[in-house]
Amino acid sequence: MDSPSLLAASLAASIAWLAIGLLGLIPARESALARRVLFPLGALAGLALAAFGAQAAWLPSASLVLPLGLPDLPFHLRLDPLAGFFLLLLGSVSAGVSVYAAGYFRSESAGRLGLICLQYHVFLASMAFVILADDAYLFMVAWETMALSSYFLVTTDHRLPAIRSAGFLYLMIAHLGALAILLAFGVMHGGEGDYSFDALRAANLSPFWATVAFLLAFFGFGAKAGMIPLHAWLPEAHPAAPSPVSALMSGVMIKTAIYGMVRVTYDLIGGVRWEWGMLVLVVGAGTTLFGVLYALVQHDLKRLLAYHSVENIGIILLGLGMSMVFFGFGHPAAGALGLIAALYHTFNHAVFKGLLFLGAGSILHSTGIRDLNAMGGLIRKMPIVAFYFLVGALAISALPPLNGFVSEWLMFQTALQAPLLENGVVRSLIPLFAATLALAGALTAMCFVKVYGIAFLGQPRERHGAPPAAAEHAGTDAGPMERLGLAWLAAGCFVLGLFPASMLLTLNRVGASLTGSGLSDEALESSWLWLVPTEPAKASYSPIIFLLVVVAVVLITIRLVRLVYHGRVRVADPWDCGFPEQTTRMQDTADAFGQAIGRVFGPIYLTKRHLPAAEDAAPKYSLRIEDRHWHWVYLPVARLTEFLSEKVAWLQRGRISTYLLYSFLTLIGLLVFVR
Amino acid sequence: MSEPLSSQFVNLLAALLLLLAFAMLSQRRVLTLIKLLAWQGAALAASTAIVAYATGQMHLYFSAGLTLVLKVILIPWVLHRLIDRLYIRWDVETLINIPTTMLTGIGLAIFAFSLATPISQMASTITRSTLGIALATVLLSFLMMIVRRKAVPQVIGFLAMENGLFFAATSATYGMPLVVELGVALDVLVGTFIFGIFFFHIREQFDSLDIRHMEKLRED
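Top line first, the protein sequences correspond to chains Z and F. Quick note, in the numbering used here, the first sequence goes up one by one and the last residue is 675. Quick note, in the numbering used here, the second sequence goes up one by one and the last residue is 1220.
Please note that a few of the clues may not be correct.
As the list claims (entries may be wrong) - Partner residues are not named here, just some residues of chain F that face chain Z (Cβ under 8 Å, in silico):
no.	residue
1	Leu1095
2	Ile1146
3	Glu1215
Just so you know, the hints here were simulated from the structure itself, not pulled from any lab data. Where is the CB? At the ideal position from N, CA and C, for every residue including glycine.
Work out the full structure, taking the sequences as your base and the hints as a guide.
Structure, rendered in C-alpha cells:
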C-alpha cells in the first residue's frame, strides 16, 4: 500500500475501535457478546493498525484533512514514520491486552462490561488519534479524550473511596499537564492563528521562546509520562484500575507522552539545544533512581510495577536527553543513536510492562491478593502464568537475550560516544548518567528476584490474606484467552530481543525522517544476526549466538553433572537451622527482602515503623513507607492554594451592592483600557 | 446651527434622558422612580421615532412603538401593581448620601463623554453626538443599582440601564436588527415578571425587601 491509503486504513481501524465501543452499549443479558466478539474484534483492529504502522515507517508521510471539527477549523491527520512506529506500538500491545481482557472480564456483569467496553475502545481510539493528529486542535481533543476515558476506566470500581481519590489525583495531574501542553502550543504558533502542525513547524521562534515552549511541553508531557515529581498518580491509579487497563495505561498511554515529547521537541520546535538535553538527563536520572528505589520497598505488586514504570520512563528520558545533547553539540550520528535507543526502550517497556501487569492481573484474579507478603508458591498452582511472568521479569531486568537488554545496551553505546563532545563538563557528566542507568538495572534485577521469589516460589505465606470468595477458585491458572494475550506479549519480548537489527533499521528511518540524519553507514549494515550500532570494530551484539551459547552451556553442564555425579536423587527436608518445627510464616517476606535497600538509601524514604515491645503479649509489627514527594511538593502546593483561597474569599461579602460595585469597577476599568 | 431640525430634536431628547437619569439617581420615593422610568421610556420612544422619520428606516418605527408599549405602559403598570401589593410606596434609603452620589454621577458623565468622543467621530449617523449621553445613562443607572438598598429600586436601575443601552444602539448604528430588539424587549418584560415573583419570595423569607438580609446567605 502507498502511504495515503495506509493513512486512510489507519483511520478506518481507529474508527472501528470507536464503533466497537459503541456496540458494547447494546443492552445484552449475557456479557458473552462483549467478551467473545467485541474484545477479540478490538484486538484484530489493533493488529491491523500495527501492520499499517509498520509499513508506514518505511514510506514518505501522507496527510489528510477531515471535514470534521469546528467551522474553518478542520481536523488534520498525518502519518509519518514516527507516527507509524507509535501506531505499531499501540496496535501490537493493545492486541495482546484486548485478547487478555476478553478472558479477564469473565466475571463482570453485562451492564458493567458494556460500559468498560465502551471506555476501553474509546481510550484506544483516542490514543490512535493523538498519534495521527496533525494540528494542535485535534491533538488536544484526542489527548483530553484519552485522559477522560482512562479516568473512567481507573474508577471502574468507583464505589471504593480509595479508588475515587486515586482517580481524582490522576485527573488533576492529567489536566495540569494538558494545560501546560496547550500553553506550549500557544507559544509555538507565534501569533499566526494557525494551529496546524505545518504552521508550527514553519514558525520561527527566538531561542528564548523556543525554550519556553520546550519547558512547557516537557512539563506537560512529563506529567502524563510520570516523571518526578509529577509521578504521584502512577502508584495510585495503577493499583486502582483493572489489570488490562493498567497494562494499557502503563504500556501504551504513558508512551503517547513520549511521542508528544519527541514530536514537539524534534519536529515542531526543531533546533534542539544541548541545555534542554541536560535538563532532560537530570530529570531522567532522578526519575530512574527514584522509581527503582521506591519499587524495591513496595509490597503491593501493582504498585511496585507502577514504580517500575516511573523508572523506565526515566530510562527513556535518559536516552532522549543524551540524544538532545549530541544533536545540540552537532553530532547527529550519536544523537540519532540516542533517539533510537529511547524509542526502542519505549517499545520494549510497552511490551514487557504490559506482560507483567497482565501477569499481576492473573494473580489477582485467581487469588484475590495484591500483597506480596501474603503470596507464595504460586508457581505450582499457576505454572503458565509463572512462566510468562518470568519472561517479563527477565526482560525488565535487562538480561540478554531478551528485549530489555537491547535497548539498554544501545543506551550505553550512546553514552560511550561522550568523548565526541567539546564541552568538558558535559563530557564528564554523561558517564555519571550511564552509571545511574547501570545502578537502576541492577536494582531492577534485585527487585524482580524479590517479586518472583516471594510470589511464585516458597510456600503460601498467609492464608487470611485471601478473601473467602476468591479462595474457592484460588490456584486456578489463567484461562485460554488470557494465556493467548500473555503469550503474544511474551513472544514480543523474544522477537524484539532476538531480532533487533530490523527494529534498529526501522527506527533509524524514523529518526532520519524526523531530524534528517541517521546512523553511520557501517551501522546500517547490521544483519539479522549482528547488531552494530556504530561500527563493527567498536561494538556488536548477536542475541541469537548468545542464546545458543547459553543453551549449549546449560545442556553441557547438565550432561556433565549427570555423567560425573552418581545420579541418585534423595528427597529430604531442607536444612532447618536446628529449629524443631518450621512454619510458612518463617519465610522471607517482600518487606524483609527490600529491607537492606531501605537501610542503605534510608534518607530517601519516609519510613514509619512500629516495633513491638519485648514483653508485648500480642506483638504486632508494621512498616509503612511513604513517598516523600507528598511532603516536598504536593502538600506545600495544597497549603498554598488553601491560603490563597482564604484570601480571595475575602471578596465574597454577601452584599449585592458590593458585587455590583465589582462589576461596575471592572466595566470602568475595561472602558479605560480600550480607550 | 447647520444641523437639521430632526437632529436638534434628538439632541434635546437625549439631554432629557440624561436629566431623567440624574433625577432617578436623586429620587428617594419608589412611586416617583417608576414615573421617571416611564418618562425615560417616552423620551426614548420619541427619539427613536424621530430618527426613523429622519432616516426613513421602517424597522425603527417598529422599535419605537415597541418601546412605547413596553416601557411607557406595560412595565410601569406591572411595577405599580407590584409596589401596591408589597406596600412599599414609602421612601427608599440609599447606602451613600444623595449629594455624594450626584457628585460621583457627574464624574461618571464626564468620563462617559471623554470615552465617547473618539467613537462618535468614527460613526456616520445623524445621532452620533448622543453616544456619550447614552453611555452616561448606562453608567448612572449602574451607579443607582449599587447605591440603593432595597430590591425594587435596584430593578428600576436595571431597567434604566437597558434604556441607556437601547439608546446607545440607536445613536451609534440606527438600532440593532429588529429580531434582536424584539428579543431584548421580551427579555426585559419577562425579567420584570421574574423579579416580581422573586420579590414575594424574598419578602416571605426575610420579612423585608432590604437586601442587607441576604448577607446571611454568605458561606463562612
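Evaluated hints:
Taking 8 Å as the C-beta cut-off, the interface hint given for Leu1095(F) holds, the closest approach to chain Z being about 6 Å. Interface hint status for Ile1146(F): upheld, as the beta-carbon distance to the closest one in chain Z is roughly 5 Å, under 8 Å. Interface hint at Glu1215(F): satisfied, since its Cβ lies 4 Å from the closest Cβ of chain Z, which is below the 8 Å cut-off.
The earlier numbered hints are all upheld by this structure, with none contradicted.
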